[in-house]
Structures are given as structure tokens and as C-alpha cells.
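Participant: Chain by chain, the residues:
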Amino acid sequence: MSAVGSAASRWREAYLGKTRRFDVGLIDALWSQRYAVAVDDLDPLYFDDQYARTHGYAGLVVPPNYLATKRVAAMAGPTEGEMQGDGLPVPGPSNTPELAAMGGGQELVFHNPVYCGEFIRGEATVIRADERDGRAGPMLIVEEEINYRADTGELKLTLVQTTLYRVPPQASPNDDN
Amino acid sequence: MTTEQRLIGDVGLGMALPELRKRPTATMLFRFSACTWNAHRIHYDRAYAQEEGHPDILVQATMHGAFLLQMLQAFVGPAGRIRRFRYSNRGKALPGETLVCGGVVTAVDAATGEVSCDIWEAKGDGSICAPGSAVLWLPSVYPDAGR
Numbered sequence: 001m002s003a004v005g006s007a008a009s010r011w012r013e014a015y016l017g018k019t020r021r022f023d024v025g026l027i028d029a030l031w032s033q034r035y036a037v038a039v040d041d042l043d044p045l046y047f048d049d050q051y052a053r054t055h056g057y058a059g060l061v062v063p064p065n066y067l068a069t070k071r072v073a074a075m076a077g078p079t080e081g082e083m084q085g086d087g088l089p090v091p092g093p094s095n096t097p098e099l100a101a102m103g104g105g106q107e108l109v110f111h112n113p114v115y116c117g118e119f120i121r122g123e124a125t126v127i128r129a130d131e132r133d134g135r136a137g138p139m140l141i142v143e144e145e146i147n148y149r150a151d152t153g154e155l156k157l158t159l160v161q162t163t164l165y166r167v168p169p170q171a172s173p174n175d176d177n
Numbered sequence: 178m179t180t181e182q183r184l185i186g187d188v189g190l191g192m193a194l195p196e197l198r199k200r201p202t203a204t205m206l207f208r209f210s211a212c213t214w215n216a217h218r219i220h221y222d223r224a225y226a227q228e229e230g231h232p233d234i235l236v237q238a239t240m241h242g243a244f245l246l247q248m249l250q251a252f253v254g255p256a257g258r259i260r261r262f263r264y265s266n267r268g269k270a271l272p273g274e275t276l277v278c279g280g281v282v283t284a285v286d287a288a289t290g291e292v293s294c295d296i297w298e299a300k301g302d303g304s305i306c307a308p309g310s311a312v313l314w315l316p317s318v319y320p321d322a323g324r
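Quick note, the sequences are listed as chains A and B, same order.
Under my numbering, the letters of the first sequence match residues 1 to 177, in that order.
Under my numbering, the letters of the second sequence match residues 178 to 324, in that order.
Please note: incorrect hints may appear among the correct ones.
Claimed, not checked - Just the calculated beta-carbon pair ranges, DEER-fashion:
1) 287/B to 111/A: 22 to 30 Å
2) 145/A to 184/B: 29 to 37 Å
3) 284/B to 42/A: 38 to 46 Å
4) 84/A to 195/B: 21 to 29 Å
Just so you know, the hints here were simulated from the structure itself, not pulled from any lab data.
Keep in mind it's a predicted model, so treat the numbers as computed, not measured.
Built from N, CA and C at the ideal position, the CB exists for glycine as well.
Turn these sequences into a full structure, and let the hints steer you where they fit.
Facilitator: Take a look at the structure:
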């Protein structure tokens, strides 16, 4: 079985259909604004509370894909010893250490605005783990659906995140990212 | 700061969304990685990115999404809303390259205020980095609040 096929089997067995819950944590205005500044997006909805309120919001909102980029649990993160050479964490035993991961795209459904000062929780389910032949050879496509809610239970955002896994790019430098 | 508010009556089928031009820099990529706690070296370490076969560090997948959403938010204005948004990462982009976000209206429902559109992010040579689509909502009248 190919590396991609083997990884697809491991993903399906370990993760497909299973749900994990995590805390994104308190949405902090400083970090939301740093995110906006980092992409040079100075929309006053993210910086001016009064401006946001005069346009139908209940306060400062975060940039639309702030949660979808942040995505992970509010933890300090892996220690230095748990990081591998490419700057990514060492994968777990059922993951894909022999393959390179790349963002493949996202679908977002915005249910309600996300406000600075809210506490957000996530609920993530792997909904697809398939092998597919691409232009650059076989790849593993993993789709994860994440629902984000405020601690009041209000649904904020549904994200379907697509991640592509394939043999490392040095073997095929003209691949897409 | 004031922003012109677009209304549903201003939008028609086939209308082009105003373009947004972005030119990501190495500094932009580093700050984006830093504030999202992303240590993947292909986004800030040129020598490492080249080891992986890339010509330079790569623009993050979700930064392409951020640029498209910035264009959409400007289109709907502060009183409008983005309802749905999807995009695919098709091509890599490097610091210093100009990325042009654009789109076209594919459906308008004046009764609900919903606008559908196809969107894309392209390089100067016309190659597409990130195609996608979106559903937006626009008000039918100027909101009273603050006016």
C-alpha cells in the first residue's frame, strides 16, 4: 500500500466520524487586532467599539476568518522538544509523519458575529479522509467540520477545513500549495 | 471614519466587485504566523522553504482567505454581512507578488437582500491562487443607527 493509502486508512480508523471538543478561549481584542494589522486590514469594525455599535453590532468584532485561522485550542502549545524540524509538532502515532500537510481551502458559514470578550468553544469532527489522485500524484484529503459556539451556546461559525497530505514537496517542487 | 454603505438596490447580476490588491511581504507573513502561533518554517525561513523545494517562503493558506474576506467586507460595508464563504488553495504565492482579489455577482435576491458571487484571488499573470464563492447580505435602506 502506498504511503498515502496507508495514511488514509489510519486516518479513517483513528479519526473519521469522531468528535473532539476544545476551548478556543477568551477572544482577546489585542490579538484580534494584531491579526487584522498583520494582513493590513484596518476596518474600524475591528478597532472602534462605537463604530461597530452604530452599525448593528454589540461591540468590537473579530475579522471574519480569525477563528478559522486560529482554529486550535487555547493551550501553550507543544514544547520545544515536541517540535520537529519543519516547525510543526511531532505527529501522533496515527497521523501522517511521512507526508507534508498543506491547507486546501475552507468553507465558512457565519451564523452570528464573534465579539471580543466572548469565550469560544469548538467541536470538531473529521467528516472525510479519502485518497485521491491529483496532478502531482496521490494525496490524502481530510475534511474537518468545526462548530464554534459562545459559552452561552450561541452558534457562531461553522468551518469545514480541507487539509491535503502528499509526499513532501522536494520530490515534486512544482506542486501547488 | 465613514464608509459608504452599499444597498441591495445598488447591486445587479454580473456586477464586478471592486478589486482589492494586496502585496504580502516577509514581515506580513511573519506577523501572521506569530499571532496565529504557527511555527511552520516554510512561512518565515527562506533557506528551509527552499529545502522543501519552494522558491521562497510561502503565503499562508488562510492569508489568501483573509484577503478575499477583506474584499468582501469592503463590498458589503459595515451594515452588510458575509453569510457564507468558501475558497480553495490552488496556487502558491510568494512575498513581493501582487495578488488581486476580484469577483462577480452571480445572483441577487432583492426580497431577502442576499447576493451570491464568484470570487478569486489572482496573480499579475492572471494565474488563480484561490477561487471561491460567497453569499452576502445587504440592507435595502440606510440603517438609522448613528446617522
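Participant: Each hint: holds or not?
Facilitator: Results for each hint:
no.: 1; hint: 287/B to 111/A: 22 to 30 Å; result: holds, 23 Å
no.: 2; hint: 145/A to 184/B: 29 to 37 Å; result: holds, 34 Å
no.: 3; hint: 284/B to 42/A: 38 to 46 Å; result: violated, 31 Å
no.: 4; hint: 84/A to 195/B: 21 to 29 Å; result: violated, 43 Å
Violation of the numbered hints given earlier is confined to hints 3 and 4; the remaining hints are satisfied by the structure.
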